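Q: Sequence:
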Amino acid sequence: MYLKESYRISPKMICISSIFDRQGNHYSLVREVDRLFVVTLPPLKVIDYSIRCNGYNLKSALDTAKWLLGKNHLCPIVVDPIEQIILFPTRSRFHEDNIWFNPDHIKRTFFLRARTLILFMNDLSFSIPGQQSSFNHKLTTADQYKRLTVGPDRYPITQYLVKKQRLLLKLKKEMNKAEKK
Numbered sequence: 004m005y006l007k008e009s010y011r012i013s014p015k016m017i018c019i020s021s022i023f024d025r026q027g028n029h030y031s032l033v034r035e036v037d038r039l040f041v042v043t044l045p046p047l048k049v050i051d052y053s054i055r056c057n058g059y060n061l062k063s064a065l066d067t068a069k070w071l072l073g074k075n076h077l078c079p080i081v082v083d084p085i086e087q088i089i090l091f092p093t094r095s096r097f098h099e100d101n102i103w104f105n106p107d108h109i110k111r112t113f114f115l116r117a118r119t120l121i122l123f124m125n126d127l128s129f130s131i132p133g134q135q136s137s138f139n140h141k142l143t144t145a146d147q148y149k150r151l152t153v154g155p156d157r158y159p160i161t162q163y164l165v166k167k168q169r170l171l172l173k174l175k176k177e178m179n180k181a182e183k184k
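Read left to right, the sequence shown gives residues 4 to 184 (the numbering used here).
To be clear, the hints were calculated from the coordinates, so they are not data collected in a lab.
Since the structure is predicted, the reported quantities are computational estimates derived from the model, not experimental observations.
Think of the CB as a built atom: it goes at the ideal place given N, C-alpha and C, for glycine as much as any other residue.
A few of these clues could be false.
Said to hold, decoys possible - Here are the simulated DSS-like pairs of lysine-lysine, each with C-alpha atoms no more than 27 Å apart in a straight line:
no. : residue 1 : residue 2
1   : 149       : 15
2   : 69        : 48
3   : 7         : 48
4   : 62        : 141
5   : 149       : 183
6   : 69        : 15
7   : 141       : 110
8   : 183       : 173
9   : 74        : 48
10  : 149       : 69
11  : 173       : 15
12  : 15        : 110
Stated by the list, open to error - Pairwise CB distance ranges, derived in the manner of DEER restraints:
no. : residue 1 : residue 2 : range
13  : 58        : 132       : 17 to 27 Å
14  : 38        : 75        : 43 to 53 Å
15  : 55        : 182       : 33 to 43 Å
16  : 74        : 28        : 29 to 39 Å
Sequences are here, hints too, so could you generate the full structure?
A: Given below as structure tokens:
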């Protein structure tokens with residue numbers, strides 16, 4: 004496992020949780036689809052940094068979620084509307100045992116001995132304490148929030164610009180190939 008000084012959340016991120024070193028420093032344990040590493044910042048700072056890279060901050064993301072969902076506790080948040088990254092917490096965002104999950108990577112959940120077993124799309128699994136129904140409710144809320152905020156119909160102008168940019172890149176590549184011949 005390796006150490007990173009900063010990290011911007013990507014679509015490959017499965018979950019992020021707290022970890023402490025022997026001196027009590029608060030770090031983040033990040034699990035991506037194909038790797039696991041530690042970031043020398045707490046999860047909320049990593050999340051806030053990732054959101055700030057998109058022009059707003061954690062507080063505004065939470066305020067928007069509370070406003071749209073009409074609830075004040077354990078709201079999912081939009082981290083990146085362009086990449087369509089949503090995260091949801093398992094506990095209060097200030098609790099040391101809180102884990103933030105990306106719902107896109109969750110394939111299925113099971114209840115096993117007073118714990119929820121989470122099976123991810125890459126066939127890894129993760130176990131957390133608590134009821135499966137409670138976790139599934141948070142997962143469903145996150146999925147609904149994603150459809151409400153960053154679903155395919157939410158950003159038509161952005162999608163148009165992305166498609167246009169891809170088309171221009173494709174045309175440029177074809178022109179370069181034609182010039183080489």
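Q: None of the hints should be skipped; say for each whether it holds.
A: Hint-by-hint comparison with the structure:
| no. | hint | result |
| --- | --- | --- |
| 1 | 149 to 15 | 16 Å, holds |
| 2 | 69 to 48 | 20 Å, holds |
| 3 | 7 to 48 | 13 Å, holds |
| 4 | 62 to 141 | 20 Å, holds |
| 5 | 149 to 183 | 45 Å, violated |
| 6 | 69 to 15 | 26 Å, holds |
| 7 | 141 to 110 | 14 Å, holds |
| 8 | 183 to 173 | 16 Å, holds |
| 9 | 74 to 48 | 23 Å, holds |
| 10 | 149 to 69 | 14 Å, holds |
| 11 | 173 to 15 | 25 Å, holds |
| 12 | 15 to 110 | 14 Å, holds |
| 13 | 58 to 132: 17 to 27 Å | 36 Å, violated |
| 14 | 38 to 75: 43 to 53 Å | 35 Å, violated |
| 15 | 55 to 182: 33 to 43 Å | 41 Å, holds |
| 16 | 74 to 28: 29 to 39 Å | 33 Å, holds |
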